[in-house]
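With the sequences and hints as input, model every part of the structure.
UniProt numbering puts the first residue of the sequence shown at 1, with every later residue one more than the last.
Treat the hints as calculated values from the structure; they're not laboratory data.
Beta carbons are placed, not taken as given, at the ideal position from N, Cα and C, and that holds for glycine.
Mixed in with the good hints, there may be bad ones.
[Unchecked claim] Simulated restraints on C-beta separations: (1) Asp28 - Val88: 29 to 35 angstroms; (2) Ser74 - Phe31: 32 to 38 angstroms; (3) Gln17 - Val88: 19 to 25 angstroms; (4) Glu91 - Gln33: 17 to 23 angstroms; (5) His15 - Ala56: 18 to 24 angstroms; (6) Ser74 - Met1: 35 to 41 angstroms; (7) Gln17 - Gly87: 31 to 37 angstroms.
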Amino acid sequence: MIRVEMLSTGDEVLHGQIVDTNAAWLADMLFQQGLPMTSRTTVGDSLESLIATLQARSHEADVLIVNGGLGPTSDDLSALAAARACGVELEVQQGVAGTDGSLVRQPGTRDGGQQSQAGGNPGQCGTD
Numbered sequence: 001m002i003r004v005e006m007l008s009t010g011d012e013v014l015h016g017q018i019v020d021t022n023a024a025w026l027a028d029m030l031f032q033q034g035l036p037m038t039s040r041t042t043v044g045d046s047l048e049s050l051i052a053t054l055q056a057r058s059h060e061a062d063v064l065i066v067n068g069g070l071g072p073t074s075d076d077l078s079a080l081a082a083a084r085a086c087g088v089e090l091e092v093q094q095g096v097a098g099t100d101g102s103l104v105r106q107p108g109t110r111d112g113g114q115q116s117q118a119g120g121n122p123g124q125c126g127t128d
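Okay, structure coming up:
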């Protein structure tokens, strides 16, 4: 059986400030398709915790779904954490900007620095 796990991210989810309806919906949808989740984990907005959790869970799960942390604010760290967990660079996709045409914040910057091309994705990550 395929081991499917989910990692939800965000202090607001971890601290109960919002209900993680995305995780509930996806877990139900996968279950109905015969792919029940074997584990769900929630991690706050800590780059180090995200990296450690991604590394640990990727050695156990066949499929690891990351829910959250991909927005334009400095606390959206999922892509950067995935890149660092794999030991690769975050690759910026040329010409990607916010839906309103604005620039998107560079993940993980304290000053909320803007970057002219947004849409970073982890480079190719190998598996063992």
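Going through the hints against the structure:
1. As the Cβ distance of Asp28 to Val88 is approximately 33 angstroms, the hint placing it in 29 to 35 angstroms holds.
2. Separation of Ser74 from Phe31 is about 35 angstroms and conforms to the stated range, judged on CB atoms against 32 to 38 angstroms.
3. Checking the proposed 19 to 25 angstroms range against Gln17 and Val88 shows it is violated: the Cβ atoms sit about 32 angstroms from each other.
4. A beta carbon spacing of about 31 angstroms between Glu91 and Gln33 contradicts the range 17 to 23 angstroms that was offered as a hint.
5. Between His15 and Ala56 the beta carbons are some 22 angstroms apart, a value that agrees with the proposed interval 18 to 24 angstroms.
6. Separation of Ser74 from Met1 is about 39 angstroms and conforms to the stated range, judged on CB atoms against 35 to 41 angstroms.
7. The hint said 31 to 37 angstroms for the Cβ distance between Gln17 and Gly87, and at roughly 33 angstroms that hint holds.
Violated hints, listed in ascending order, are 3, 4; each of the other numbered hints is respected by the structure.
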